[in-house]
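Protein chains: 4
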Amino acid sequence: MSITPEQREQLIAAAFSARDAAYSPYSKFRVGAALLSTDGKIIKGANIENASYGGTICAERTALVKAVSDGTKTFSAIAVVSDVASAISPCGICRQFIREFCKLEMPILLVPADYSATAKTGEKGSVLDVTLGELLPHSFGPEHLEMPRGE
Amino acid sequence: MSITPEQREQLIAAAFSARDAAYSPYSKFRVGAALLSTDGKIIKGANIENASYGGTICAERTALVKAVSDGTKTFSAIAVVSDVASAISPCGICRQFIREFCKLEMPILLVPADYSATAKTGEKGSVLDVTLGELLPHSFGPEHLEMPRGE
Amino acid sequence: MSITPEQREQLIAAAFSARDAAYSPYSKFRVGAALLSTDGKIIKGANIENASYGGTICAERTALVKAVSDGTKTFSAIAVVSDVASAISPCGICRQFIREFCKLEMPILLVPADYSATAKTGEKGSVLDVTLGELLPHSFGPEHLEMPRGE
Amino acid sequence: MSITPEQREQLIAAAFSARDAAYSPYSKFRVGAALLSTDGKIIKGANIENASYGGTICAERTALVKAVSDGTKTFSAIAVVSDVASAISPCGICRQFIREFCKLEMPILLVPADYSATAKTGEKGSVLDVTLGELLPHSFGPEHLEMPRGE
Ligand SMILES: [Zn+2]
Ligand SMILES: [Zn+2]
Ligand SMILES: [Zn+2]
Ligand SMILES: [Zn+2]
Chain A
1 MSITPEQREQ LIAAAFSARD AAYSPYSKFR VGAALLSTDG KIIKGANIEN ASYGGTICAE
61 RTALVKAVSD GTKTFSAIAV VSDVASAISP CGICRQFIRE FCKLEMPILL VPADYSATAK
121 TGEKGSVLDV TLGELLPHSF GPEHLEMPRG E
Chain B
1 MSITPEQREQ LIAAAFSARD AAYSPYSKFR VGAALLSTDG KIIKGANIEN ASYGGTICAE
61 RTALVKAVSD GTKTFSAIAV VSDVASAISP CGICRQFIRE FCKLEMPILL VPADYSATAK
121 TGEKGSVLDV TLGELLPHSF GPEHLEMPRG E
Chain C
1 MSITPEQREQ LIAAAFSARD AAYSPYSKFR VGAALLSTDG KIIKGANIEN ASYGGTICAE
61 RTALVKAVSD GTKTFSAIAV VSDVASAISP CGICRQFIRE FCKLEMPILL VPADYSATAK
121 TGEKGSVLDV TLGELLPHSF GPEHLEMPRG E
Chain D
1 MSITPEQREQ LIAAAFSARD AAYSPYSKFR VGAALLSTDG KIIKGANIEN ASYGGTICAE
61 RTALVKAVSD GTKTFSAIAV VSDVASAISP CGICRQFIRE FCKLEMPILL VPADYSATAK
121 TGEKGSVLDV TLGELLPHSF GPEHLEMPRG E
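Chains as they are written, first to last, in full-length UniProt numbering: chain A, 1 to 151; chain B, 1 to 151; chain C, 1 to 151; chain D, 1 to 151.
Be aware that a few hints might be false.
Any copy, or any two copies together, can satisfy a pair, since identical chains are not distinguished.
[To be verified] List of simulated lysine-lysine pairs, DSS-like, C-alpha gap at most 25 Å: (1) K28 <-> K124; (2) K41 <-> K103; (3) K103 <-> K28.
No lab work stands behind these hints, which were simulated from the structure alone. Every value quoted in this text rests on a predicted model; they were computed, and no experiment measured them.
Chain A with its partners taken away, still in its complex shape:
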């Protein structure tokens, strides 16, 4: 599960592009996400808010339901960018949603809004590279609903 430097740059660019379609009149907080499928497609998502705040769907989940409902279910990486300079991490809801379809070692690229392709790790403008397993340790997943039960 590795991506090439070219794919990485394309994925980051797609996350920025995805952000333009955010519908966030309530939070005024735009988020863009881009998923890379194992067969090389890039699927973009943005946050779509709702007057009933609880109905809001984040950028990461938007990208995932787009992909899955089009028949794509295996992924190599996801990149996320918001409007703030520092790298912002997926909310817990999205971590759980990603968990349904992705391996724990899948890379998640947290991209700062002031991203610079030449920044080194830890520098201003640098991407924070994490994995799903790092963001959702001791995770609950589909397999737990199959476990033997009893008092």
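Here the structure of chain A is known, so what remains is to put chains B, C and D with the ligands in place on it, guided by the hints.
Chains B, C and D with the ligands in isolation, oriented as in the chain A frame:
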């Protein structure tokens, strides 16, 4: 806000086709939805469930976030079909989500799984035609968050 | 399924009181709800928001999970009040959540923030009396998951 | 932020007791949670499911909205137990919801259904002690919505 008989048949066919991509290992209940945009595009969605049941996203919302995150925000109709013979109606979450983007008079086509293009209203296999306003009366929407407040 | 005038006033007063506990730093929109159980208890709820907007839980759902998790599952009425003068209706998510436990004829009292106990129907300060069935027509409920399926 | 051995046993017992009120006809998976407030109260929650799976509210969130809507907003610990023998961890939605009100160092006790008060760490029947920060690293929280924005 009217659709031609041809668009209607295409929309219904798209809802059936969308249903094939449902990810519903928990409910075993597949749902497909198809949105018609005002510029004539058809956008398909299916229900995508989650091991944490609360994370589940229905077919109607999947179709809407796909459309909106691709820049399409105005719609003429939506059709919904599930695995049961009788017409099934959107859940309240989806009604609220549709409310964010659609007019109250927008047609919602509730399609039975045993749909027949030649069935007349009320017959076996016939579509139940409703509107968003009929499904969500006295609705709460974006405009209510802008109202003057005070004790 | 009827409530006495005394219960009605108590329920409305409880909804106002419940509103004080709202946690709504994002919307700045406070909502209070009060449920009347069939055995005469009043259970209060307020909206509890979340930085990830999608995690937000409304006042009506808060009241319901409080009741159900304490073993109370049958209800006679619910009253809802917000910060705006006009009566505000439950969002679709809450209508669906109420549907899980309540009969379609259950009264839902939509209370304006400028409520006056002496206002007549339709007057300034008057309560809008509706039922669950009126707010969620053609509803989808627990029984639909039990229906026979097939193409 | 420490709890006494007595409080710990009371909290675990409350989580088991809370589980009895689960409403989980769809997953058949019961979960109980018990919150300890900083002023020594124990608040119980159970999972309350919904025919529209997405409406489901987990035990942990039920406990939190009960507490907060009753005016209790600071907590010392939470314990969670399900029907499966091994310790089950909160879903991502609940981690995010806990994050809204609790410090990252708050203890979360993951209690196996075959819990034994005398089991040692790692033994059959032993509790898995984690913290919120361990379950939700690089977390997104209320403070991020206040950050300066711009490209
Ligand atoms: Zn999210
Ligand atoms: Zn729905
Ligand atoms: Zn609501
Ligand atoms: Zn949960």
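So, going through the hints one by one against the coordinates:
1. K28 <-> K124: Within one copy only: 24 Å inside, 34 Å across.
2. K41 <-> K103: within (18 Å within a copy, 34 Å between copies)
3. K103 <-> K28: Between copies only: 23 Å across, 32 Å inside.
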